[in-house]
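Numbering of the sequence shown is given in my numbering, commencing with residue 353 and proceeding in unit increments.
Mixed in with the good hints there might be a few duds.
[To be verified] When the alpha-carbon atoms are kept at most 20 Å apart in a straight line, the in silico EDC-like pairs for lysine to aspartate or glutamate are as follows: (1) 445 <-> 398; (2) 365 <-> 382; (3) 443 <-> 382; (4) 443 <-> 398; (5) 397 <-> 433; (6) 365 <-> 441; (7) 445 <-> 433.
Hints in this document: simulated from the structure, not taken from any laboratory.
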Amino acid sequence: MFVFFTAPPTFTKALPHSVQALVGSRLSLDCAAIGNPTPTITWLKDGRVIPRANYQGGILSLPAVTTRSAGLYACHASNSEGNVSSVTEVKIKGQLVPVCLDVFVPEDALIYHYISSLLHQTKQLY
Numbered sequence: 353m354f355v356f357f358t359a360p361p362t363f364t365k366a367l368p369h370s371v372q373a374l375v376g377s378r379l380s381l382d383c384a385a386i387g388n389p390t391p392t393i394t395w396l397k398d399g400r401v402i403p404r405a406n407y408q409g410g411i412l413s414l415p416a417v418t419t420r421s422a423g424l425y426a427c428h429a430s431n432s433e434g435n436v437s438s439v440t441e442v443k444i445k446g447q448l449v450p451v452c453l454d455v456f457v458p459e460d461a462l463i464y465h466y467i468s469s470l471l472h473q474t475k476q477l478y
């Protein structure tokens, strides 16, 4: 005699509350769930389903984030016994904003300011 147990999905690896990334960097979001039958993972951004071509199982990869990558991402696990979601807010840092100045600034000063601002933003992520 065989006894089959069913169970709704539960996360073995949930998403953090929020994630920060720099413009142009790679971002991977990872979640994992168990249940019986095996849960199906679906990813959503701001409530809209992300096409499966952009993720494999519980891993969503964004090869080069932009400011448009920011938003609420959800990993949704479902089977015939139920469903569960884990949500994270993705924040993107480092957008350069052009500034027009009516003063002469030597080129090496502009390069120093640009590098300094990038280093400052990188330190804030860690």
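For this structure, which hints from the list above don't hold up?
-> Of the numbered hints, 5 and 7 do not hold.
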